[in-house]
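Trainee: Spelled out, the chains give:
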Amino acid sequence: MSLQDYSVTRSSPAARIAALCALVGLALLIAAPWWAGRADLRLMGELFLYLSLASLWNLMAGYAGLVSVGQQAFVGFGGYMLFALTMFAGLHPLAAIALAGVLGALVSVPVAVLIFRLRGAYFAIGTWVIAEVFRLGFAQVSALGGGSGSSLPVAIVKSLASKRAMREALSYWLALGAAVLVIATIYLFLRSRKGLALTAIRDNELAAGSLGIDIWRTKFTVYVVTSAMTAMIGALIFLQKLRISPDAAFSVNDWTAFVIFIVVIGGIGTIEGPIIGTLLFFALRETLADLGTTYLIVLGAVAIVMMLKAPKGVWGLIRTRFDLQLFPLGYRVVKRAEHKGQND
Amino acid sequence: MPEPILKTHNLAAHYGDFQALYGLDLEIHQGEVLAIIGSNGAGKTTLMRSLTGLIRNAPGQISYNGQDISTLRADQVASLGLAMVPEGRQLFPSLSVKENLMIGAQVGRKGPWDLAAVYRLFPILNERKDQPSTSLSGGQQQMVAIGRALMANPDLILFDEISLGLAPIIIKDIYDALPGIIGEGMSAVIVEQDIAKALSVSSRLYCLQEGRISLEGASDTVSRDEISRAYFGIK
Amino acid sequence: MDWVNAIVQGTLLGGLYALFAAGLSLIFGVMRLVNIAHGDLIVLGAYLGLTVTAATGLHPLLALLLVVPTMAAIGYVLQRGLLNQTLGDDLLPPLLVTFGLSVILQNTLLEVYSADPQKISAGALETASVQLGGLSLGVLPLFTFGLAIAVIWGLQWMFYRTAMGRAFRAVSDNQDIAQLMGLNRRHVFGLAMALALGVTAIAGILLGIRTSFDPAIGGGRLIFGFEAVIIGGLGNLWGTLAGGVILGVAQTVGAKIDPGWQILSGHLAFLLILAIRPNGLFPRISA
Numbered sequence: 001m002s003l004q005d006y007s008v009t010r011s012s013p014a015a016r017i018a019a020l021c022a023l024v025g026l027a028l029l030i031a032a033p034w035w036a037g038r039a040d041l042r043l044m045g046e047l048f049l050y051l052s053l054a055s056l057w058n059l060m061a062g063y064a065g066l067v068s069v070g071q072q073a074f075v076g077f078g079g080y081m082l083f084a085l086t087m088f089a090g091l092h093p094l095a096a097i098a099l100a101g102v103l104g105a106l107v108s109v110p111v112a113v114l115i116f117r118l119r120g121a122y123f124a125i126g127t128w129v130i131a132e133v134f135r136l137g138f139a140q141v142s143a144l145g146g147g148s149g150s151s152l153p154v155a156i157v158k159s160l161a162s163k164r165a166m167r168e169a170l171s172y173w174l175a176l177g178a179a180v181l182v183i184a185t186i187y188l189f190l191r192s193r194k195g196l197a198l199t200a201i202r203d204n205e206l207a208a209g210s211l212g213i214d215i216w217r218t219k220f221t222v223y224v225v226t227s228a229m230t231a232m233i234g235a236l237i238f239l240q241k242l243r244i245s246p247d248a249a250f251s252v253n254d255w256t257a258f259v260i261f262i263v264v265i266g267g268i269g270t271i272e273g274p275i276i277g278t279l280l281f282f283a284l285r286e287t288l289a290d291l292g293t294t295y296l297i298v299l300g301a302v303a304i305v306m307m308l309k310a311p312k313g314v315w316g317l318i319r320t321r322f323d324l325q326l327f328p329l330g331y332r333v334v335k336r337a338e339h340k341g342q343n344d
Numbered sequence: 001m002p003e004p005i006l007k008t009h010n011l012a013a014h015y016g017d018f019q020a021l022y023g024l025d026l027e028i029h030q031g032e033v034l035a036i037i038g039s040n041g042a043g044k045t046t047l048m049r050s051l052t053g054l055i056r057n058a059p060g061q062i063s064y065n066g067q068d069i070s071t072l073r074a075d076q077v078a079s080l081g082l083a084m085v086p087e088g089r090q091l092f093p094s095l096s097v098k099e100n101l102m103i104g105a106q107v108g109r110k111g112p113w114d115l116a117a118v119y120r121l122f123p124i125l126n127e128r129k130d131q132p133s134t135s136l137s138g139g140q141q142q143m144v145a146i147g148r149a150l151m152a153n154p155d156l157i158l159f160d161e162i163s164l165g166l167a168p169i170i171i172k173d174i175y176d177a178l179p180g181i182i183g184e185g186m187s188a189v190i191v192e193q194d195i196a197k198a199l200s201v202s203s204r205l206y207c208l209q210e211g212r213i214s215l216e217g218a219s220d221t222v223s224r225d226e227i228s229r230a231y232f233g234i235k
Numbered sequence: 001m002d003w004v005n006a007i008v009q010g011t012l013l014g015g016l017y018a019l020f021a022a023g024l025s026l027i028f029g030v031m032r033l034v035n036i037a038h039g040d041l042i043v044l045g046a047y048l049g050l051t052v053t054a055a056t057g058l059h060p061l062l063a064l065l066l067v068v069p070t071m072a073a074i075g076y077v078l079q080r081g082l083l084n085q086t087l088g089d090d091l092l093p094p095l096l097v098t099f100g101l102s103v104i105l106q107n108t109l110l111e112v113y114s115a116d117p118q119k120i121s122a123g124a125l126e127t128a129s130v131q132l133g134g135l136s137l138g139v140l141p142l143f144t145f146g147l148a149i150a151v152i153w154g155l156q157w158m159f160y161r162t163a164m165g166r167a168f169r170a171v172s173d174n175q176d177i178a179q180l181m182g183l184n185r186r187h188v189f190g191l192a193m194a195l196a197l198g199v200t201a202i203a204g205i206l207l208g209i210r211t212s213f214d215p216a217i218g219g220g221r222l223i224f225g226f227e228a229v230i231i232g233g234l235g236n237l238w239g240t241l242a243g244g245v246i247l248g249v250a251q252t253v254g255a256k257i258d259p260g261w262q263i264l265s266g267h268l269a270f271l272l273i274l275a276i277r278p279n280g281l282f283p284r285i286s287a
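Residue numbers (our numbering), protein chains in the order written: chain A, 1 to 344; chain B, 1 to 235; chain C, 1 to 287.
No lab work stands behind these hints: they were computed from the structure. Don't take each hint at face value.
Pair by pair, the computed Cβ-Cβ distance ranges are [stated by the list, open to error]:
1. P117/C <-> A143/A: 28 to 38 Å
2. G146/C <-> G137/A: 32 to 42 Å
3. G165/B <-> L268/C: 49 to 59 Å
4. T294/A <-> D90/C: 25 to 35 Å
5. S142/A <-> P117/C: 23 to 33 Å
6. S212/C <-> A116/B: 53 to 63 Å
7. T71/B <-> D40/A: 51 to 61 Å
8. V302/A <-> P117/C: 23 to 33 Å
Even for Gly, the Cβ is constructed at its ideal location relative to N, Cα and C.
So here's chain A without its partners, still in its complex pose (with noise of 0.2 Å):
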């Protein structure tokens, strides 16, 4: 027995199974125009949005340790730039979604440089106190419709596509292409060094602080990536919905609660738990809906009784029970397979 035995590898036979199916779930997402009906559609790009909101609160929750329930912000903001930027700089929507970006990015600077200065779930709350601050401000803005919102102008809408079947494919592959952009984006962030310092922060901050790390300043960029991710998403979101207002741009309860709701039951700190948890949450909204606040009910004391048993999530414990890793991102020792011939 000797070390040559013996080899590092990231990936598994479940992992490469996993990209294989995925691959060919893709290929049959992106023909889904085709074969799926509209409602299915439309449910589908909202799944995806969903999916790439709670991978984006996850990568700063469950690795950055950075707990927001104020990330309505940035959808809400990103929704009125798309709004604001088509509209009054005639910009076309795919570019203002872009741009919105980019603003999300720059807004968050100052955002993260005040509201670092809390902890824990100080920091949680101020994150809520700066959503109130947008929410607010925007509804003083007249020129968007002030407290009452606004919709997207016919001109805008058909400036996309000026089939409505055009446009329906066009908003469900925009979907689509952005989690799996959001997924792809947070994957390779993580397999990279700078992923490595993350999940370093998050296993042991002081410990990790003690090697070098500079800490704020990967919170930072995470906090401010993040956060221009969701002002896109937002967009996309509201490029959907064709009207926007403070209430619903702003809503803690659309944005966040199911949200949080959605990593808390899927398995906070890995890719794989968000996906499992969106699927888990639609398949819950689409037999419970109709029963309306007691559905909210019932997710809140789900989430709670996760948080009690099951920190890990649905994912956490599938992982534990067969030691599956779907997304290659830590290390396992592998035997070589025997030589034929050779004896100890």
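Based on the hints, put chains B and C in the right spot on chain A.
Mentor: Frame of chain A, contents of chains B and C only:
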């Protein structure tokens, strides 16, 4: 031979996957002063935490006055008359000297020790009674910690490394006061790295080494050689 | 004179905000827990006050005698039954569990009481006023401010002069050693939460008399309480009163400039203080 006030049976302790204590069988006799010596990491503080209930134990491992206290919570064990002077003093920073002493009496046990008695023992504490406890010198803080444990009027008092971080002259003063503290009927355990001091006040000793008892003997007859070997684990 | 009036009204409003914040501050001080459901618990207090006054015909201030013990009992059960399990080094569980609790509370209130705005009627108290130096001051705001001072004074007295307060401070300093002294920390934490919710009940009923309320306003009240605590500085109850006053004044002065700017001015004042004095004005402990 009267019943031991405390007896452990195959006492084990783990921190996650790491085992700190391996099947200890020890006894503390009524009214005696027992020394427990050992180097850093030998398991002395883990043993103290197990006895006082700060660590979860499996049932049947510790009996106190004949009662199985293995699974009791620390506050329950305290109410039975077991008090500890913790390693590093660990006074409450938000409380004054007097309040630290009063908290010691929280268990509500009757006995000779009250504020007046503690002030008689350590008069300097009366002078500084309203000051924040952490503003005192190391030796004075140790006095507060000892006083705090006495206020519980315990039957068994554990002293966990009381000489740590103190100047030799202060250590001498405190050890000189010990016989007066451990009055009639009280049993005591002195956990120490300073072997000479531990032997000077105790009648019996155990030596711990890597979570096991490596020596048991009478303090006045055990030889330096035996202790060295047991302390360092030399066979 | 108008400005003086705005400042005075803001100061009195600060009393209500200090009451919002007192429970939050107490819990953080004893067990380092920030309860995201705190605002919704204030609203729960208001609804309990509403139900008790409707069922018994009692004046709301007398209803306090029933609602305060009820909320205290709820607090004890909540802490021992649920929140004690979340305490530890990890910051995620208490945050996410209290967030889930907030959602459950809001929606339960929605189910039971509907979304219609409600108000607790207190008869003459609602509109009575006294003339003081050319200003017309409402009796209710004056009473609220006075009550805030009394409550904070009472909490300080309890903390520094009683055995229970000693126990709170000891357990918050060092849980292990406090256990060695015979303190059952689960019970002590339960008592702390009971006390905090008792104070919160007072805040809720005074809120309910003053303005109309509905299940959704909890989040806003949490934010006001939180801002008062941060402005005033952590670990200092009198600081929290000062923080509440500053917040109240910022709001009323902002409203004077433009009615739509009332709440926003409060937030901006908070952010300003956060920028120049991140630890608050009179901090005793750091976050």
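Trainee: Does each hint fit the structure? Answer for all of them.
Mentor: Going down the list of hints, with the structure as the test:
1. P117/C <-> A143/A: 28 to 38 Å: holds, 30 Å
2. G146/C <-> G137/A: 32 to 42 Å: Between G146/C and G137/A, where Cβ atoms are some 36 Å apart, the hint holds.
3. G165/B <-> L268/C: 49 to 59 Å: Because 50 Å falls inside the window, the suggested range holds.
4. T294/A <-> D90/C: 25 to 35 Å: holds, 30 Å
5. S142/A <-> P117/C: 23 to 33 Å: holds, 26 Å
6. S212/C <-> A116/B: 53 to 63 Å: Check passed, 59 Å falls within 53 to 63 Å.
7. T71/B <-> D40/A: 51 to 61 Å: 57 Å Cβ-Cβ, so the 51 to 61 Å window holds.
8. V302/A <-> P117/C: 23 to 33 Å: holds, 30 Å
In the structure shown, no violation is registered for any of the earlier numbered hints.
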